[in-house]
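With the hints as a guide, bring the two chains together.
Note that the protein sequences, when read in sequence, are chains A and B. For the first sequence, this note's numbering gives the first residue as 1, with consecutive numbering after it. For the second sequence, this note's numbering gives the first residue as 1, with consecutive numbering after it.
Simulated from the structure, these hints should not be mistaken for laboratory data. Each residue gets a CB set at the ideal place from its N, CA and C atoms; glycine is no exception. Where hints are given, some of them may not hold.
[What the hints assert, rightly or not] Cβ pair distances, simulated, as ranges: (1) B:M531 - A:P51: 16 to 22 Å; (2) B:R568 - A:P51: 28 to 34 Å; (3) B:R568 - A:T120: 41 to 47 Å; (4) B:Q506 - A:G11: 45 to 51 Å; (5) B:L456 - A:P51: 18 to 24 Å.
Residues per chain are reported as follows:
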Amino acid sequence: MRRGLWRDALGRWLALGFRIYLGGVFVYASVYKIGYAAEFAETIASYQIVPALAVNAVALALPWLELICGAMLVAGVRVRTVSAILAGLLAVFCLAVALNLLRETPIDCGCFHSLEERMTWMTVVRDLIWLGMAVHVFFFDSPLALEGRYQSKLKEIAP
Amino acid sequence: MEGGTGYSAVGPDDVGQDMRLELERKRLGMRVLLETAQELSGILQPRKIVETFLLTAMGPVGARCGVAVLARPAACEGMVLSRGLPAAEAEALEQRLPEICDAYFPYRDLDGDFQVSKIRAIQRDQAGGDSLLPRGMDILYCFTVDEEHCGLLALGPLLAGGGTALHQDAADLLQSLLYILMGALRGALAVSSIRQLSVDLGRKNDRLTETLAASQTAQRRLDRRVHQLAAINELAGELAHLHEVRKVLDSFLLTMLGAFSVSSGLALVLDRAGRGVDLAIRGAPDTGLSGFAAADVLVYKAFAATGARSVAPLTVEPVAAAADALAGCGLAFEPACALFFALDREVQGVLVLGETLSGEALEEEDAQMLRAQVATLLGYVQGARRLSTITALNDGLVRQNEELTRTVAELTEARQTIALLERAGERVRAFLHAEGLRSRRFSWLDCGVILLASMLLGFLFNLASPNGVPLVPGHLSRPPAHSITAQKARELQQSEGAVIVDARPQAFFEQRRVRGAVSLTPALFDMVYIMRFAKLPLSTPLIVYGGNISRRWDEDVAARLLAREHERVMVIDDGLSAWVARGYPVEP
Chain A
1 MRRGLWRDAL GRWLALGFRI YLGGVFVYAS VYKIGYAAEF AETIASYQIV PALAVNAVAL
61 ALPWLELICG AMLVAGVRVR TVSAILAGLL AVFCLAVALN LLRETPIDCG CFHSLEERMT
121 WMTVVRDLIW LGMAVHVFFF DSPLALEGRY QSKLKEIAP
Chain B
1 MEGGTGYSAV GPDDVGQDMR LELERKRLGM RVLLETAQEL SGILQPRKIV ETFLLTAMGP
61 VGARCGVAVL ARPAACEGMV LSRGLPAAEA EALEQRLPEI CDAYFPYRDL DGDFQVSKIR
121 AIQRDQAGGD SLLPRGMDIL YCFTVDEEHC GLLALGPLLA GGGTALHQDA ADLLQSLLYI
181 LMGALRGALA VSSIRQLSVD LGRKNDRLTE TLAASQTAQR RLDRRVHQLA AINELAGELA
241 HLHEVRKVLD SFLLTMLGAF SVSSGLALVL DRAGRGVDLA IRGAPDTGLS GFAAADVLVY
301 KAFAATGARS VAPLTVEPVA AAADALAGCG LAFEPACALF FALDREVQGV LVLGETLSGE
361 ALEEEDAQML RAQVATLLGY VQGARRLSTI TALNDGLVRQ NEELTRTVAE LTEARQTIAL
421 LERAGERVRA FLHAEGLRSR RFSWLDCGVI LLASMLLGFL FNLASPNGVP LVPGHLSRPP
481 AHSITAQKAR ELQQSEGAVI VDARPQAFFE QRRVRGAVSL TPALFDMVYI MRFAKLPLST
541 PLIVYGGNIS RRWDEDVAAR LLAREHERVM VIDDGLSAWV ARGYPVEP
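Chain B with its partners taken away, still in its complex shape (with noise of 0.2 Å):
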């Protein structure tokens, strides 16, 4: 700023002089000029570069007071520097910078169509801001930096001679740095705009960065959430063609564990008007949690955890603080998350999931997902007692129809057999009829019947009786005796002595007998024979007759001498009709 003395000292003297002076004011202006401008080059700041191209500008023109106004007329928006300003009026004049705008930058209107890098000098009563500036600045340029930032250069007085006019060749200096004003405030804000473009393009990256991490996470939520989904799709399939309440709990468990990642998990429905216990544990054994009280104990501290007054019927409620609320209940594994659900007052249940295998606590997402999976499970649940309750009585029903079938066959069988016993008891009753009526009647059946029973019982009692009779005649079961006939018994009497033995009763005998025969019955034969023949020589023939067609006597006494060794008996043939035929002798 030594150069700043050089416009005071010059004096018209000489041409030489002149030329000389001439000379070292253009080399002190071009001075000026480079350092101003290698000054200004090192500056990027553009608040800092006015502030230092201020103090540059008044040295050379020799102003004791100057404002710079660098702004934004679309926005309305800059900086107000001054210097030799009293520290009120200069704060003051910052706070007119709209109104700065308003009256020298009135083209800002025009759209931002107006010429770059051009320096109008202007006269301070032209721009109707007469009033904004302090009184003195009559030296005013205007400029434009690029196409949104325009400035404002406003000095004085002046300190030769207190005037407000400048020289020619300080205008020129003045506008040759205002152009190094613009050049430097453009670079400066060029490399501010690239820095603030940079700025932003570190922001847009790294929101760029968040919004792809936000991205890669929402990605994975979803493959996860579509992975649940496919599961919960294929569970509806599964769980549709399940029957039996476990086997549904136990599907729909596995199904659970494995969409949401949970290492060991228990559901379990209790029946409290059936007093029974449906369970399905995965992950981790069951420690007596399907008996009734276990399991009653359970369902209850899960209810009570939820904070519900009442049991309302198909409803899931979760379960607050599920590894305190259910601690103590005999549960194998450390609980995470529970949910309670109930189909109505009697059948209620609970739904226990252990950790995730990576160890984080579910999302609320998925907890809200779970909680709904519960309630559709409550639609499978209820569906499979019904149809176990229908089953039941279907069973029954066609147990019932069974036995109804058993007890019509039965009547049909008891109908069949009345019928048979009335058919028959119609063939009793004419039986009987007929019976009535034959017994009025003689009937040769009932002679056969007693003839028969006759015969039966008079041989039956002759075979128990002491004095029975043989059946058939003792003699047609031994050899016949030697038999002779009339005439030679008649020679045997007559020669040899024989004695003639009348073997008929002693009725016969006494009525008709051969002369000189002996009475010997087989009734008397013993005594008889020890009386009469006992002494009589076994060589004596002895001829025997007495037969007729119901008794062979003569046969049974023959055969009862010979037995006593008698040697030579005899029987006549045709007995005594033959005797009297041949007109043997008879008595009496």
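Chain A extracted, bound-state conformation (with noise of 0.2 Å):
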């Protein structure tokens, strides 16, 4: 009984709280980037790794789609491919931003502002810190999810 209760509270109910963190970072990092695309632009061409001709595009699908895997996080839909989604971006953003740092490249993070904190390994840290959290999202059930109300209508109407 315990231990379903541990592994319930260490599975479902911090799933829950790693979704609703996870995907306000990424709701709250994109709106920023939505309204001021060109400085984002300025920054994804900071690191180097995008081709010229991608980093308008790039600048500007990025951000939304930060805020739609976001908001579809914390509302609970389609939450493991979300979750993969955003454990995808993670990932890049680690590799990048530890590719920058081994080139000893003089730029900021850019995860929230354009001209924020110099990018350290502690971003890399931090970075990975989310996958993890996005990892076990989408490993775990979580509960409160939208589209678990309608997997249980879902139910009733083809059983």
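Here you go:
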């Protein structure tokens, strides 16, 4: 019984916490980028990873991807797919940051604002933690998901 | 009758005298016979002949009384004439004719087998009729006139001496007179018979003429009846194919008008329950009788005129005094004959015929036949009405059948739709189930959809945003700036004092840069240009560097410097890395 409670607490409820937190972080991170796409494009160009032709396109699409995925994660819709996408983004961010740290490129992280703190290895660690949260959310079903209500209704219609 | 005194004057005096007297008697007798014959020949009535003869015979014989009988013994009839008898006795004698016939003509029982022209002188006591004739009439002669008639002559008593015996000459004269009488009677009877035959023939002729006229009348009636029956027979065949009451009435009326030679008429059937009127009218215009109210009045008046107290189904009643009874009903012709008929209590009608073409009223037989035909019409009208009802019911059934067919088709279609919807529902449920399962799994499709939605939203928002960025970098849409190698740049820096411009962001500039380079980023271009390049001669070479895989800042800055009309703006190939690779000085 107690093991079940622990498993439940470490699994479902922790996943709920991670889900809401991670989703909120991405929604928050996307808002500024959406409003200042030119600055975000400069940040992406500073990473020197994305080809020049795709920089602006990525700068336009990536904030909306973060916003949609964050919102869906908070709402609990397509949680596994969204958490996988976010995990992929975080993995790319980790690699990009790590690569530029190794290049000693003097740029900011650009995660939330264009001009914020300089990126460090802590940035990589932070992204790895968020990546872990996304993986946890991927593997554990969480309560209070909008899709859960939809699933229960679906079982009533098509048992 | 002057010779009647001759026999009493004769006497046997001498032979000459006797001879002369004899001759005188004979001459007188012949003269009597001649006169009698002449007198009787002009008379045609037997009674008159007998009367004349009786007078003629009594004179020469010298009888004071005489009776003459002419009878038909077979029929026991005849006449009894007398002279010189009292009236009562003569009358009584006439009453005794049958007894006289029985007494003096016994041979009448021989079925007429007696000798014609026979004169018999009989004794009075021989005949058994002694008491029938007056006393003193002893001279009796029976004679036969023809096969049917015979007569009796009784004379006496005689004037001369009161005796009853007749002299031979007188007897001969009397027989001769009787022969003349018989001849005259035969002639008279023959004339009478011929006259009677002529009268009978005339009567028969008249009767024949009447019979011929009657037969001609009967022939005309028969012809008319045959015509009527033929027309009615054709009508029966025609009505059998008619299915509408109005057409039945019209055909019937037309046939009746032709069969009875009537110029105008109408036939009307009134349905009080359905408030319908079927009217056929010929030879006159419709004066509004097709309307229910007018037709109701006409039928009611016709019924009232029949004298019936109640309406009996399938009856035909003649309307008495049709002209008066139907007056004021709006008929356009003068009704001469009308019949009221009833199919049942609700459906009644009337047949009204005008005057015949000859102006004569219909005969009783025609009226009877007309009534019989109207009775026949009832069957056809009832059949037509029933057929109409059956047709209406059949039409209703057809409509109901069509509606039922449509309903069945709709139900079938609805069932197919339901089956289709059920299948669609199954698919939807399966889809939702699959979606439910998919929502709990990772889906590449969802990834693609989310990515696509993100790109679409981003591009749309960028189009509407005032801080939007171009989708394609600017340097790709304009001609590249003049590029030089790092070596050439170094030479220009040293020989002509070219200005090295670092176009990268400030952080990169601060980290590492070409010695003597000036920072001029695209973001701060205008401000830095005014501060540091505004007074620079336009001919001064400007060498820009600072590009990487993601952004060509050097191209952007070079383009903007060219826009400021600097004449010699160049870009170093491979930028700072080529400069460093050549070992040229950098800072810090």
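Here is how each hint holds up against the structure:
no.	hint	in the structure
1	B:M531 - A:P51: 16 to 22 Å	violated, 34 Å
2	B:R568 - A:P51: 28 to 34 Å	holds, 30 Å
3	B:R568 - A:T120: 41 to 47 Å	holds, 42 Å
4	B:Q506 - A:G11: 45 to 51 Å	holds, 48 Å
5	B:L456 - A:P51: 18 to 24 Å	holds, 21 Å
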